[in-house]
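Kindly produce the complete structure, drawing on both the sequences and the hints.
Given next are the chains, with one letter for each unit.
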Amino acid sequence: MRNAGSGGPETGSPESEMEEAVSAVAIAAVNLGVVIALAPLFEGILRKLKAVIHSRKGPPVVQPYYDIFKLLGKEDLKPTPSLIFAVAPVVTLAAVLVVAAMTPMGAGAGLPMGDAIVWIYLVSIAAVATILGAFASQNPYAYVGSSREVMMLLTAEPVVVIALIAAAVKAKSLMMSDMITFQVRNGPSISLVFAGFAFFLALQAQLAKLPFDIAEAETEIMGGPFIEQSGPRLALYKLAHYGKQLIFASVLVSVFVPWPHVPVFPANLIVTLGKVLVLLLLVGVIDAVNPRLRIDQSMTYFSRVALLALVALAFAVVGV
Amino acid sequence: MTGQELIDRLRSKFKQAVEGVREPVAGKFYVTASRSSLDRISDFLVNTLGARYVVGAGSDLRPRKGYFEVAHFFSFDGDKLFLALQTSVTNPKVPSITPTVPAANWAEREFRDVVGVVPTGHPDPRRLVLSDDWPEGVYPLRKDFPYDFKPPSEPAAAPKFTEPPDGTTVIPIGPFYPVLEEPCQLRLFVDGERVVGCDYRGFYNHRGIEKLGDSVLTYNQIPFIAERICGICGFVHSCCYCQAVEEAAGIDVPIRAKYIRSTMLELERVHSHLLWLGIAGHIIGFDTVLMQSWRIREPVMWLCEKITGNRKNYGMNLIGGVRRDIPKEVHPEILGVLGRIEAESKALVAAIPGDTTLVMRLKGVGVLTEEDARRLAVVGPTARGSNVPIDCRKDHPYAAYDQLDFKVAVYSGCDILARTLVRMDELFEAIKIIRQALAEMPGGPVQAEVKEEIPAGLEGICTVEAPRGECFHYVLTGEDNKPERWRVRAPTYANLQALPTAIQDETIADVPITLGSMDPCFSCTERVQVADVRTGGVKVMSHEELLALSRRR
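Protein chains in written order, with the working numbering: chain P, 5 to 324; chain G, 8 to 560.
FYI, nobody ran anything at the bench for these hints, they're computed from the structure. Treat the hints with care, since some could be wrong.
Said to hold, decoys possible - Simulated crosslink set (DSS-like; lysine-lysine; CA at most 27 Å straight-line):
| no. | chain 1 | residue 1 | chain 2 | residue 2 |
| --- | --- | --- | --- | --- |
| 1 | P | K61 | G | K414 |
| 2 | G | K489 | G | K458 |
| 3 | G | K87 | G | K22 |
| 4 | G | K353 | P | K54 |
| 5 | G | K218 | G | K167 |
| 6 | G | K87 | G | K458 |
| 7 | P | K78 | P | K52 |
| 8 | P | K213 | G | K370 |
| 9 | G | K72 | G | K100 |
Okay, here's the thing in structure tokens:
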């Protein structure tokens with residue numbers, strides 16, 4: 005069987021390499037398309053869910069598309085001539101899109117994709133670009149928001165890293181596609197259940213959802229890092245944020261909950277997106293029924309979650 | 008302590024300095040004292056006899072009597088007594104009482120701004136009420152200042168703020184800020200995320216209502232303006248004013264009108280506390296609480312519209328009673344709405360103590376110890392959440408409250424959670440009070456006929472328990488069917504002065520919810536013209552702290 009197992013087809017033959025390259029590009033393109041086209045839709049569904057919980061009607065599900073288009077058409081206001089401020093939203097979105105291209109979203113069955121280390125670094129680049137852009141905007145609220153964002157990054161990111169490493173230890177490979185294949189073949193294991201749960205707890209913070217939307221805290225620091233962003237810059241940030249939502253959720257469901265697994269390409273993508281929807285709805289419910297925590301409270305919380313992730317890693321190393 | 012005992016102790020201690028005592032109404036004493044003894048008598052009243060400072064007022068009585076008058080008002084809550092300490096000044100200076108009575112900070116700054124009587128020895132003599140481009144030496148509440156006169160602006164005027172201590176950054180909150188419904192500027196001096204001190208400039212919304220009251224409006228026009236003092240507790244102000252005039256003039260309000268006033272006051276309390284709950288939720292990011300509590304509250308607004316014609320600004324009060332009846336046909340609807348609100352609120356409120364994240368944000372935050380609460384003379388749920396059991400409805404009963412049976416909610420947590428629980432208890436008590444009032448409402452007229460002109464020179468004091476605390480009005484009747492002086496002090500005026508103490512050493516994240524927990528109503532506050540160092544009040548606290556800090560560094 006071609007394309008079976010983590011090795012892929014026999015290496016070395018020009019046709020198979022060509023095929024692999026074309027498939028890789030095609031899959032990357034599909035991923036990009038899905039993220040750009042569908043990420044705002046998922047955000048719209050979450051807003052509708054929040055409205056239902058609030059006993060109100062809420063905006064239409066396609067509202068985020070309207071928001072982004074409207075913002076793209078507005079004047080580009082720059083409070084400072086700083087180059088960093090100018091390129092920060094672009095770098096953020098670019099990083100998110102590259103991550104989208106390489107994340108297994110059900111479209112990469114069998115093909116090696118999703119190197120965990122590269123993935124983590126690229127995701128961090130997106131966050132760091134936002135922080136740098138905020139520091140460059142010379143607004144005291146942005147400083148406070150960025151420093152909070154840095155603290156969130158330092159506490160929530162390690163959880164994600166450890167969870168992925170636990171999966172890597174089990175699958176004996178850093179490729180996410182290999183982790184998926186390993187899970188599908190061997191079924192659930194204790195360490196990966198813990199790791200997945202830890203990843204889920206960190207998800208709320210990575211997506212800046214309540215109770216962890218501390219960096220942006222509208223009523224406390226008026227939007228934090230994004231206070232000076234408007235017009236097209238804000239549109240890029242928003243799209244990057246929606247994309248990040250979709251990507252993180254995809255990684256969680258693909259790597260840690262890859263069942264049911266359908267080996268046929270478009271069907272697996274659809275199943276994955278369905279699971280992503282369920283996960284995001286859960287995130288949305290937690291978002292609606294919680295107030296915001298303070299940064300110190302959230303850091304304490306995540307230090308405990310990191311312990312959980314370490315336990316998962318320990319189990320993985322032991323082989324459980 | 009009875010009123011007579013109080014006066015005896017005053018006289019025996021201060022002898023000649025106590026020049027005269029009047030008691031036009033049982034329990035309300037007007038003590039005229041010599042100017043130089045003002046601070047010693049105030050110190051004695053507050054620090055020895057345990058009175059609570061309410062507010063101060065400066066009045067220009069020169070046309071009728073030839074002098075300015077400075078009055079400080081004190082309440083003896085447990086004994087149901089009021090004492091107004093008055094002194095006459097021709098050379099416009101009085102000794103400041105703030106060094107021993109810190110709660111007088113803003114009141115003294117205010118009368119300096121508006122009447123021009125200088126409190127000598129005041130620790131923070133900055134401008135309070137007048138805008139920064141108002142020229143010096145022009146005092147709007149003096150009788151020779153026309154109400155519609157606009158003096159030329161001072162160029163390049165900016166508020167005088169204190170310098171932040173070394174090593175701290177300034178985070179401005181306001182004048183435009185999502186949490187505030189009205190503009191004010193609160194400057195936080197922060198070290199990282201921790202608040203080290205703050206400075207305040209308010210009164211952006213100052214509208215000069217007291218000046219309108221004593222220049223162009225008649226007695227019966229003022230209730231409608233009084234209602235517009237506050238964006239949410241208007242009926243409180245119009246009731247308080249009417250009751251002060253009724254006390255001064257000796258007008259007997261029919262019993263049915265009193266019951267109607269109590270009913271409407273409690274309805275106002277219901278919708279105000281539900282509004283507050285939503286805002287507090289929004290401040291800490293809990294929008295679900297905001298949406299749900301405001302949805303629950305909406306039927307009350309419709310009910311008020313049905314009874315009075317308006318969701319707010321009822322226009323119900325006149326001197327001598329109310330303008331509209333609450334007929335029996337409406338009672339079942341009122342009870343129905345209240346029943347539904349009670350059921351839904353119970354569910355919402357029951358969820359609060361059990362919600363760990365919510366409790367984490369509210370417990371131990373915004374602490375105002377009982378000692379500070381008494382020293383700074385805070386009122387309302389802010390005081391009752393710090394174990395200070397004051398409530399005007401029990402301490403100085405008005406309207407029909409002496410006939411109604413209800414409990415006063417007091418908690419000793421001293422933090423935001425305690426204030427929340429106080430308000431939630433009050434919400435349910437208010438519903439009980441309305442049910443009682445509707446059931447027991449006696450028949451009869453709703454308005455007393457006031458046939459004679461109200462004579463000049465009579466004084467009346469009234470306090471009403473607004474949702475935010477004690478609201479105080481003082482009226483000195485005058486010629487031409489209008490007051491000679493009308494002094495208003497809203498509850499937030501007292502409570503905002505305690506803000507610096509409550510936010511000291513907190514994180515920035517907790518400042519908005521601490522401010523919100525005092526339920527500030529800036530429009531109520533801004534209208535108080537007293538040169539009370541409102542800003543200073545906030546500042547004095549941090550001034551000491553800042554001094555200590557800079558010495559430590």
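* Against the structure shown, which of the earlier numbered hints fail to hold, in ascending order? -> 1, 6
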